[in-house]
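Asker: Residue 5 is where the sequence shown starts when you use the working numbering, and the numbers rise one by one after that.
Don't read these hints as lab results, they were simulated from the structure. Yeah, the Cβ is synthetic: ideal placement off N, Cα and C, and Gly gets one too. There's no promise every hint is true.
Derived SDA-like pairs: lysine to any residue, alpha-carbon spacing no greater than 25 Å straight-line [to be verified]:
no. : residue 1 : residue 2
1   : Lys85     : Lys26
2   : Lys391    : Pro309
3   : Lys136    : Ile95
4   : Lys26     : Gln48
5   : Lys452    : Lys514
6   : Lys26     : Gln14
7   : Lys290    : Thr319
8   : Lys514    : Thr288
9   : Lys189    : Ser335
10  : Lys511    : Gly477
11  : Lys254    : Glu125
12  : Lys53     : Lys117
13  : Lys94     : Val188
14  : Lys94     : Tyr63
15  : Lys254    : Arg373
16  : Lys339    : Leu354
17  : Lys391    : Thr319
18  : Lys26     : Lys132
The following label-pair restraints were derived from C-beta to C-beta distances [claimed, not checked]:
no. : residue 1 : residue 2 : range
19  : Pro309    : Pro347    : 28 to 34 Å
20  : Thr32     : Glu97     : 45 to 51 Å
21  : Ile16     : Asp156    : 44 to 50 Å
22  : Lys465    : Lys86     : 43 to 49 Å
23  : Lys222    : Thr403    : 58 to 64 Å
24  : Asn340    : Lys86     : 53 to 59 Å
25  : Met337    : Lys42     : 47 to 53 Å
26  : Lys498    : Gln539    : 20 to 26 Å
27  : Glu522    : Pro309    : 29 to 35 Å
28  : Val61     : Pro347    : 34 to 40 Å
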Amino acid sequence: MEFIDLLLKQGIITAEQIDRAKEECKRTGIKLEGALEKLGLINQEDMAKVKADALGVPYIDLNDYLIDAELTKLVPEKLAKKYRAVPLFKIGEALTVAMVEPGNIEALDRIRKVSKINRIEPVLASDKGIQKILDSYYETAGSAEDIIKAIDKQNILEQGSAPAQAAEEAPVVKLVNIMIAEAVKDRASDIHIEPEEQGLRARYRIDGVLYEMHTFPKKMQNAIVSRIKILAGMDIAENRKPQDGKIRLKVESRDMDIRVSTFPTVHGENVVMRLLDKASVLMTLKDLGFSKENFNSFDRLIRHPNGIILVTGPTGSGKTTTLYAALATISTMEKNIITIEDPVEYELPLIRQTAVNVKAEMTFANGLRSILRQDPDVIMVGEVRDKETAEIAIQASLTGHLVFSTLHTNDAPSSLTRLIDMGIEPFKISSSVIGILAQRLVRNICPKCKEKDEQGVYRGKGCPNCKNTGFLGRIGIFEFLLIDEEIKKLINEKASAGQIKKAAAQKGMKTLRDDGLEKVKAGLTTLEEVNRVTQA
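Please model the entire structure based on the sequences and the hints provided.
Answerer: Pasting the structure below:
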């Protein structure tokens, strides 16, 4: 009765409800726990949480949980069903397994023997959660290709079947789950589901480059797209208009937010899923790849009491990561830091963050006005998109606030001419902007297969560690423009970006390409990578 006592103690059920459940037990012969559930007084997840507390083991909710399909080989289907135990993730030499009865010594010993992993770490899950993993990952073999074959063989997707019905078929559910888990495991930032005339293609963006991962028969297109739209809370009946949605789930041990976008094309709806790992460790300024000189200059600048600091570059160049690293560096209990972003990609401790919401009239400009009434010391505006936002940011900087923001320009000097093009007076720019950082991301040479070629240049040979690409991870290349008196004078004279760049270079500013070539010499990346993201 310890379990029932805990339910009472935690206020989940009442003594009167237990009496009702006991009457149900007498009438039907089922156990008390089953009677409580049957009467709707408690659900399986509540029971699992209480049991986990009683046993002193972690509880995990598997309802929105994805695993690496390869793990099913460690705990075969027969074993998983017998002991109601499924593998969740493997870190180092330890395998975490979700179980209905984590204290079952026989089950743990058997899993240890079959998996050939000595360290098994059990967590408690509901039977319903265990069944969901069994349904989603077992029966059909683990790979996407195996599921495609099974769908073809079983003729699951009948011609003319409704998209909603097809999207709920177990193999289709498994296929989408596997793709998402596979992309997370491969460190992908985006999944592209692309319709063609004769089929459907899946590409993953890894370290900034798209790789083809799977191709599917055309008949699977509607089911796969509909499944993703259902997960993202979209209207599956609407396929003529672009839609946006969001999926929140756990992949192995990681909380993931997935932003989903659909776009109608001549061959059907194109889907892009942006993967955001909410639990990922934010990079520090030292991790970004700054040269010693740029690091020292930028680190000094972000500690300035007021002014505007801009980070520029195209989409996907790491601007948000740099801004977050800067904010984390200067964040203290004594400072009030507030952001408005589109969207909030990662949550930062001690910093108030809000997202743009056009329907609620929360634009960058309106949000910035409201932030100024919140007694801020430091403000981050996701992007300066228009004159109104720029004007308010300038006013904020001139009244004692440090403002961070981004622009989409090719280099640092071009940001100054972009602001003038928006209609901002040059003297306002020169009196408020204190520094501009332009950046790009280049792929790192894989450290496991790094070698020198005949010319003495470092390259990645290709190995399992980097999936034979020769690259693993990315690093920034930077161009840092400090706004000194000479640059201010040029701004006021409406000098061209080229003139400003020339003056800055004479004072020691290294261009994006210069910084990239230094990283090539240091063996961090390749010349081809630098050429890919900069102009020769």
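Asker: Could you run down the list of hints and mark each one as holding or not?
Answerer: Status of each hint after checking the structure:
{"no.": "1", "hint": "Lys85 - Lys26", "result": "30 Å, violated"}
{"no.": "2", "hint": "Lys391 - Pro309", "result": "24 Å, holds"}
{"no.": "3", "hint": "Lys136 - Ile95", "result": "23 Å, holds"}
{"no.": "4", "hint": "Lys26 - Gln48", "result": "18 Å, holds"}
{"no.": "5", "hint": "Lys452 - Lys514", "result": "30 Å, violated"}
{"no.": "6", "hint": "Lys26 - Gln14", "result": "19 Å, holds"}
{"no.": "7", "hint": "Lys290 - Thr319", "result": "22 Å, holds"}
{"no.": "8", "hint": "Lys514 - Thr288", "result": "22 Å, holds"}
{"no.": "9", "hint": "Lys189 - Ser335", "result": "32 Å, violated"}
{"no.": "10", "hint": "Lys511 - Gly477", "result": "32 Å, violated"}
{"no.": "11", "hint": "Lys254 - Glu125", "result": "18 Å, holds"}
{"no.": "12", "hint": "Lys53 - Lys117", "result": "28 Å, violated"}
{"no.": "13", "hint": "Lys94 - Val188", "result": "14 Å, holds"}
{"no.": "14", "hint": "Lys94 - Tyr63", "result": "17 Å, holds"}
{"no.": "15", "hint": "Lys254 - Arg373", "result": "36 Å, violated"}
{"no.": "16", "hint": "Lys339 - Leu354", "result": "9 Å, holds"}
{"no.": "17", "hint": "Lys391 - Thr319", "result": "20 Å, holds"}
{"no.": "18", "hint": "Lys26 - Lys132", "result": "23 Å, holds"}
{"no.": "19", "hint": "Pro309 - Pro347: 28 to 34 Å", "result": "29 Å, holds"}
{"no.": "20", "hint": "Thr32 - Glu97: 45 to 51 Å", "result": "47 Å, holds"}
{"no.": "21", "hint": "Ile16 - Asp156: 44 to 50 Å", "result": "47 Å, holds"}
{"no.": "22", "hint": "Lys465 - Lys86: 43 to 49 Å", "result": "45 Å, holds"}
{"no.": "23", "hint": "Lys222 - Thr403: 58 to 64 Å", "result": "59 Å, holds"}
{"no.": "24", "hint": "Asn340 - Lys86: 53 to 59 Å", "result": "57 Å, holds"}
{"no.": "25", "hint": "Met337 - Lys42: 47 to 53 Å", "result": "52 Å, holds"}
{"no.": "26", "hint": "Lys498 - Gln539: 20 to 26 Å", "result": "24 Å, holds"}
{"no.": "27", "hint": "Glu522 - Pro309: 29 to 35 Å", "result": "32 Å, holds"}
{"no.": "28", "hint": "Val61 - Pro347: 34 to 40 Å", "result": "35 Å, holds"}
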